[in-house]
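Protein chains in written order, with the working numbering: chain A, 1 to 356; chain B, 1 to 330; chain C, 1 to 278.
Among the hints, a few may not be true.
[Stated by the list, open to error] DEER-style ranges, computed between Cβ atoms:
no.	chain 1	residue 1	chain 2	residue 2	range
1	A	P263	C	R13	52 to 60 Å
2	A	E264	C	L140	52 to 60 Å
3	A	D252	B	P244	32 to 40 Å
Just so you know, the hints here were simulated from the structure itself, not pulled from any lab data.
Each residue gets a CB set at the ideal place from its N, CA and C atoms; glycine is no exception.
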Amino acid sequence: MSAGHAAWRRVLGGTLLALLVLVFARPLGAGLHAAVALAGASGLAGGALLPPRALRRLAFLVPSLALLVLLTCLLMYVAPGSPFASERVAAPQVEQALRAQYGVPRSGVAFFAVYMERLVVEGSLGPSLKVQGRSVAQLLLPALPVSLALGGLALVLALGVGVLVGVRAGLRPGSLADRASLALTLVGIALPSFVVGALLAIVFALRLGWLPVAGWGGARHLVLPAITLSLPPAATIARLARGGTIETLAQDFVRTARAKGLPERVVVWRHALRGALLPVVSYLGPAAAAILTGSFVVETLFGVPGMGQWFVKGAVNRDYSVVLGTTLLYASLVTLLNLAVDAAYAWLDPRVAEDA
Amino acid sequence: MTGDGALLAVRDLSVGIDGPGGVLRPVEGVSFELCAGETLGLVGESGCGKTVTALALLGLLPRPGGFFAGGSIRLEGRELVGAGEAELARLRGRRVAAVFQDPSASLNPYLTLGEQLAEGPMHHLGLSRREALARAEALLARVGVADAGARLRVHPHALSGGQRQRAMIAMALACEPALLVADEPTTALDVTLQAQILELLRALRAERGLAVLLVSHDLGVVAELCDRLLVLYAGRVVESGPTPEILARPAHPYTAALLRALPRLEGPTAPRLEALPGLPPGLDAPAPDACRFAPRCALVRDACLRGEPPLVPFAPRRARRCVAPVEEVR
Amino acid sequence: MKPNERPRSPRARVGAALLLCVIALCAVGPPLLGLDAETTAPEQRLEAPSLAHPFGTDAVGRDLFARVLLGGRTSLLVGFAATLVSVGIGVLYGAVAGYRGGRLDDAMMRVVDFLYAIPYMFLVILVMLLFRDTARGRPLPVFLALGLVQWLTLARIVRGEALRLRGAEFVQALRVLGASDARILLRHVLPNAFGPIVVYGALTVPHVILLESFLSFLGLGIDLSWGQLVAEGVAVVNPIASPWWLLAAPAAFLATTLLALQLLGDALRDALDARLAR
């Protein structure tokens, strides 16, 4: 019993450790692999590059991804239906054979074990249970850059517009820029992004014909979805940046900078901006989550062939491995971004880095 | 002492703040002069206008809504009231520098000491980064921060309170200003540190011929360092004169009350400390045509309520804004 | 003279007034006016707003005014019910963790950290997708799903408050006097955390309503909610001969409500901040 227990723990531990690297190393190519390796290396270097908060989160990363996979497995098994129940009213023997062939046991925990083993040993996300002869990696690989481009652009847009509008508003409360930030905030708060997106599509695609209504194919296809997706987080960022700017400008050290005779530009950019943007940096994690949520809606609205469609199809068709694959990718992306945010925060605020 | 010889000549300075509730007058008709190597103390309760006056010397007015409502500030012959922001910025940090009350809040937590000490000389004197850092290191060592070279690379939160205030002083002196405005420089520090910082200011003044405007609510601190005092009440100068004379024989009931509120270690008897009853009038209260101190004054008489007394000289180098006989004030 | 103080605006009053109007209209409007949201009338499909149908009719001739008011009931209910669920969980969890402290607190907060790392809406969508056939259109699963993912922040807030009060002298005194833990928590710790709880709750309501509209757009929301009506409206709008009222009417109601709730929440938060600063 105890020997079996220890072995099980060894397997699990090894599984979890290897999981992350393999997930990224195999299907996603060099970029993310390098990012993970870098994060891992600096973690091993003992916090020279990453602050303790980020290190702790890194230590969380692998187990929490595994936990998420387990949770998802259990959820899918609790939900009614199965990948093999629907169309072919198959004999029990046939279903048995299919389950064995695809590696889909009858219990959620067993499926978790099969899935993790395959992930670690083969570095594979497994075959799709519904799309004949395709692996999950083959399905998701073309969709990933689409979702990454859309989400990344939306995040950059939200950050750029939000910070610009918010800081300008905070520098001059009551000014035109302040009213613009208020308008942005109101739209972000009061209108679901799909309404804004639909209106944008009507005006810029259908009326003016400047941009394509939907679909995928080039930079032009990216514009409307990215703007739509960026609006809600941009509104929050503008609000945070405005508040941060007003608060920081009232600080004594800003008065000190002015008393030194530095030009206002230097006072704002060098002395005030860092403090003003700290709340924005802390919000980047939630912003990524918001963009992820919004991407389901926006991908649907604009017919963007991203990962969202596979997630939805996978869940509806009970294509377990497709669901797990998208879940893992999404969660890894958000977690890695959170990690980067922690590092950025410590870089911006030396007190965080040096205190802990 | 005439206006021409003085480093700083303030005439009839008034500052207004345009707020939602109307215009406030934190400073009204303040005049004084300051020569190189001299220290002037600005004394009064909080809200009396001493900090606003001090910051006005740097062309810094309360935000938002502060403005010069009249008068003149001439620093080394240059007029500051009405000067453009660019001209003011050229003087700030260069000819007139400031040290503030709370060094923990007044240093930028996000920049290293070196960055903060070097930026003034780089901006005003055109020094290279390396030169400015070398100067910063020398200055830090001069103000008594141990291991100055290493300190340049840390952020302010890694320093103690006393070290932070020393660093603030070094920063203020970085461009060799002629005038140092010290706004409650010791208030946030404990007593031993207070003495050290005052000693440092005294030494620097002697060594550099620095003129110092020391703002404090603490007569004890002012007595240590200042040649002359200016006592402010509700935005008005109520008494001025050489420090020892004022401390020995206050000529305005307000000054006398402040002195009675001061604990003394030496002296024949230690009388009960007296708190001054009442509060200073709010800035937004319309200026009554009466002595502003009258509501709290033990010596109040009819004349006090009929019109605000003028600031009149009554002895060599001394002036006061009071109609009660000098002998009655104690 | 703090520079970031804005002149007092009547935000709280405007927010409360708008919200009350919407709630009253949705609550008493349908029975009072005898509105019927379900009867289809093929001969009256896609009629523009008129006296008979102030907001026009939809693709199967149903009165949009009735549908918007009844949809409002659902959306407001989702907002408040899901918020209640999340406040309940968050307060209980946070109070226990903070008040007990020690290892239990560590473990419980570690769980919260874990859950924070998961993009929660993602789980909600997954759950709604997986249970789509059994749960589709029904309100309870949506309340639960949305409520179950919103409690993390509140748990942290309440835990902090409980942790602080646990060491307070009056709590020690109560314990000496023999008050039970449950009583101390309910009568003394929670009332002290009341302000943050209310503020957080007030800001959660619009958030949840917005999330429900996302679910509706994905076909996973509740039948006859604003989210669903707006999603239907989005599906039919186009620049040529568009039945714009299908989008405009529910979107206007949704936007007004979200704004009112946000104004109210912000005003509450500012009031709380001011109280704490004093």
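Against the structure, the hints come out as follows:
1. P263(A) <-> R13(C): 52 to 60 Å: violated (43 Å)
2. E264(A) <-> L140(C): 52 to 60 Å: holds (57 Å)
3. D252(A) <-> P244(B): 32 to 40 Å: Check passed, 34 Å falls within 32 to 40 Å.
Hint compliance for this structure: hint 1 is the single one not met.
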